[in-house]
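Taken in sequence, the protein lines are chains A and B. Residue 44 in numbering that gives the first Met the number 0 sits at position 45 of the first sequence; the count goes up by one each step and never skips. Residue 184 in numbering that gives the first Met the number 0 sits at position 185 of the second sequence; the count goes up by one each step and never skips.
Keep in mind the hints are simulated off the structure, nothing from the lab. Glycine included, each C-beta is placed from N, C-alpha and C at the ideal position. Check before you lean on any hint, since a few could be wrong.
[To be verified] Calculated pairs, BS3-like style, for lysine-lysine (alpha carbon to alpha carbon, straight line, at most 27 Å):
{"#": "1", "chain 1": "B", "residue 1": "Lys73", "chain 2": "B", "residue 2": "Lys164"}
{"#": "2", "chain 1": "B", "residue 1": "Lys164", "chain 2": "B", "residue 2": "Lys31"}
{"#": "3", "chain 1": "B", "residue 1": "Lys144", "chain 2": "A", "residue 2": "Lys1"}
{"#": "4", "chain 1": "B", "residue 1": "Lys31", "chain 2": "B", "residue 2": "Lys18"}
{"#": "5", "chain 1": "A", "residue 1": "Lys19", "chain 2": "A", "residue 2": "Lys1"}
{"#": "6", "chain 1": "B", "residue 1": "Lys31", "chain 2": "B", "residue 2": "Lys73"}
{"#": "7", "chain 1": "B", "residue 1": "Lys174", "chain 2": "B", "residue 2": "Lys144"}
{"#": "8", "chain 1": "A", "residue 1": "Lys19", "chain 2": "B", "residue 2": "Lys18"}
{"#": "9", "chain 1": "A", "residue 1": "Lys1", "chain 2": "B", "residue 2": "Lys18"}
{"#": "10", "chain 1": "A", "residue 1": "Lys1", "chain 2": "B", "residue 2": "Lys73"}
{"#": "11", "chain 1": "B", "residue 1": "Lys174", "chain 2": "B", "residue 2": "Lys73"}
{"#": "12", "chain 1": "B", "residue 1": "Lys31", "chain 2": "A", "residue 2": "Lys1"}
{"#": "13", "chain 1": "B", "residue 1": "Lys31", "chain 2": "B", "residue 2": "Lys144"}
{"#": "14", "chain 1": "B", "residue 1": "Lys164", "chain 2": "B", "residue 2": "Lys144"}
{"#": "15", "chain 1": "B", "residue 1": "Lys144", "chain 2": "B", "residue 2": "Lys73"}
{"#": "16", "chain 1": "B", "residue 1": "Lys73", "chain 2": "A", "residue 2": "Lys19"}
{"#": "17", "chain 1": "B", "residue 1": "Lys164", "chain 2": "B", "residue 2": "Lys174"}
{"#": "18", "chain 1": "B", "residue 1": "Lys73", "chain 2": "B", "residue 2": "Lys18"}
{"#": "19", "chain 1": "A", "residue 1": "Lys19", "chain 2": "B", "residue 2": "Lys31"}
{"#": "20", "chain 1": "B", "residue 1": "Lys144", "chain 2": "B", "residue 2": "Lys18"}
[As the list claims (entries may be wrong)] FRET-style restraints, in silico, Cβ to Cβ:
{"#": "21", "chain 1": "A", "residue 1": "Gln74", "chain 2": "B", "residue 2": "Ser66", "range": "35 to 45 Å"}
{"#": "22", "chain 1": "A", "residue 1": "Ser4", "chain 2": "B", "residue 2": "His190", "range": "48 to 58 Å"}
{"#": "23", "chain 1": "A", "residue 1": "Glu56", "chain 2": "B", "residue 2": "His190", "range": "37 to 47 Å"}
{"#": "24", "chain 1": "B", "residue 1": "Asp92", "chain 2": "A", "residue 2": "Val110", "range": "48 to 58 Å"}
{"#": "25", "chain 1": "B", "residue 1": "Glu158", "chain 2": "A", "residue 2": "Ala71", "range": "28 to 38 Å"}
{"#": "26", "chain 1": "A", "residue 1": "Val105", "chain 2": "B", "residue 2": "Ser169", "range": "48 to 58 Å"}
{"#": "27", "chain 1": "A", "residue 1": "Arg23", "chain 2": "B", "residue 2": "Arg60", "range": "38 to 48 Å"}
{"#": "28", "chain 1": "B", "residue 1": "His84", "chain 2": "A", "residue 2": "Glu56", "range": "21 to 31 Å"}
{"#": "29", "chain 1": "B", "residue 1": "Ser64", "chain 2": "A", "residue 2": "Asp53", "range": "31 to 41 Å"}
[What the hints assert, rightly or not] Chain A is nowhere near these chain B residues, computed Cβ spacing over 10 Å in every case:
{"#": "30", "residue": "Gly20"}
{"#": "31", "residue": "Lys31"}
{"#": "32", "residue": "Arg33"}
{"#": "33", "residue": "Ala124"}
{"#": "34", "residue": "Arg130"}
{"#": "35", "residue": "Leu166"}
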Amino acid sequence: MKCPSNAWEEADLLAFSENKLEARQAARLSEHLQSCAVCRTVVEQQRAVWEALDVWEAPAITADFDRRLHRAMEQDAGRWNRWLEPLRLLLARQGLPIAAATCLIVVAGVVSHRPADSGVSPGPAAARVENLQPEQVEHALDDVQMLGDFTRAARPDTGEL
Amino acid sequence: MGSFAAALDCDAELMIRVKGGDDVSFGLLLEKHRSSVIHFLYRMVQDQAVAEELAQEAFLRVYRSRSTYEPTAKFTTWLFRIATHLALNSLRDNKKQRTEARLDGESGEEPAREVSDVRPSVEQAMVREARLQEIRQAVARLPEKQRAAVLMHKYEEMEYAQIAKVLNCSESAVKSLLFRAYETLRARLAHMA
């Protein structure tokens, strides 16, 4: 529908037909309706639509609606608990072994992912000695012995060279 | 505007209490909005059992979301958004066919709610029933979004702006939906005057 004079919007006609238009505007529109058959028809038909829709009542709500809803809410909460319960039980009964195993896994992960040369300055010598193997000590002593022999042989005052 | 703010504060306040673990406040919200949600859903899907099922789901979703609730919009806007979403999904899940079957064949099951002292004659009852069926069919044949907009506008008396928020579209889009819907309804129902 379009008012031939473009004087009124459909929103105004809708509001007028349900008596929601502001009083001064409603008076102006009433006056307009006397001369505009198009707008008058829209208002009359729209009022018929309102009346028809008013006849359509919704049925009564069933008496146990709330009870069913609360049961559904409890079941919903129960469902979450069912999912979480095994985890909770496991933690309660075997919390310490699980915690220990978790720590081990974390430590192993950190150690295995540590780069070979981390750029960290070496610690004190005492700390490093703890990591030496007997073979390494033996080789080191042999090296010292060899170096001593070589030094002695190289001295000019001995006259051996 | 004052009443809007008051309603906003009241419902939001109750929902914040629900968030804090107060189930009594949820009961108050349910008491306040139960009828409007179920009636809206009934007129959308035109099946009372389905409407109640969907309303249960809507309130359940509100309850489930309590921990993350923030009062950024009017509570009823949020509630009707959930309800509309559920109704549209239900209609799209071919439940529409079941509704139409009821409209065609089982409309006599509608409970008699307007029992008056003077019992209407069989003829009057038949005329009334035929009239009701015509109204229900006229609404059912509207496109889903137009139907939702009309029901919120007519029965929930929502403003264009609130309907726009519920349907997640612009206010001008809502006006367009409503004008087209009412134009169709005028063509289908105006003869009833």
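Range hint 48 to 58 Å: satisfied by the CB atoms of serine 4 (chain A) and histidine 190 (chain B)?
For histidine 190 (chain B) against serine 4 (chain A), whose Cβ atoms are near 27 Å apart, the range 48 to 58 Å is violated.
27 Å Cα cutoff - pair lysine 164 (chain B), lysine 144 (chain B):
13 Å, holds
Does the Cβ-Cβ separation between valine 105 (chain A) and serine 169 (chain B) fall within 48 to 58 Å?
54 Å, holds
For lysine 1 (chain A) and lysine 18 (chain B), compute the direct alpha-carbon distance and say whether it is at most 27 Å.
50 Å, violated
Given the hint of 37 to 47 Å, is the C-beta distance from glutamate 56 (chain A) to histidine 190 (chain B) inside that range or not?
Since the Cβ atoms of glutamate 56 (chain A) and histidine 190 (chain B) sit about 21 Å apart, the hinted range of 37 to 47 Å is violated.
Does lysine 18 (chain B) sit within 27 Å of lysine 19 (chain A), going by the straight-line distance between their CA atoms?
38 Å, violated
Just to be careful, I want the Cα atoms of lysine 73 (chain B) and lysine 18 (chain B) compared with a cutoff of 27 Å; is the pair within it?
16 Å, holds
Taking the closest pair, is the beta carbon of alanine 124 (chain B) still more than 10 Å from chain A?
Non-interface label stands for alanine 124 (chain B): nearest chain A Cβ at 13 Å, farther than 10 Å.
Mind checking the alpha carbons of lysine 31 (chain B) and lysine 73 (chain B) for me, to see if they're no more than 27 Å apart?
14 Å, holds
Check the hint pairing lysine 73 (chain B) with lysine 19 (chain A) against an upper bound of 27 Å on the C-alpha distance.
Satisfied, since the Cα-Cα distance of roughly 23 Å is no more than 27 Å.
Given pair status - lysine 1 (chain A), lysine 31 (chain B), alpha carbons within 27 Å:
40 Å, violated
For the pair supplied as a hint, lysine 31 (chain B) and lysine 144 (chain B), is the alpha-carbon distance within the 27 Å limit?
25 Å, holds
Consistency with the previously given hints fails for numbers 8, 9, 10, 12, 20, 21, 22, 23, 32, 34, ordered from lowest to highest.
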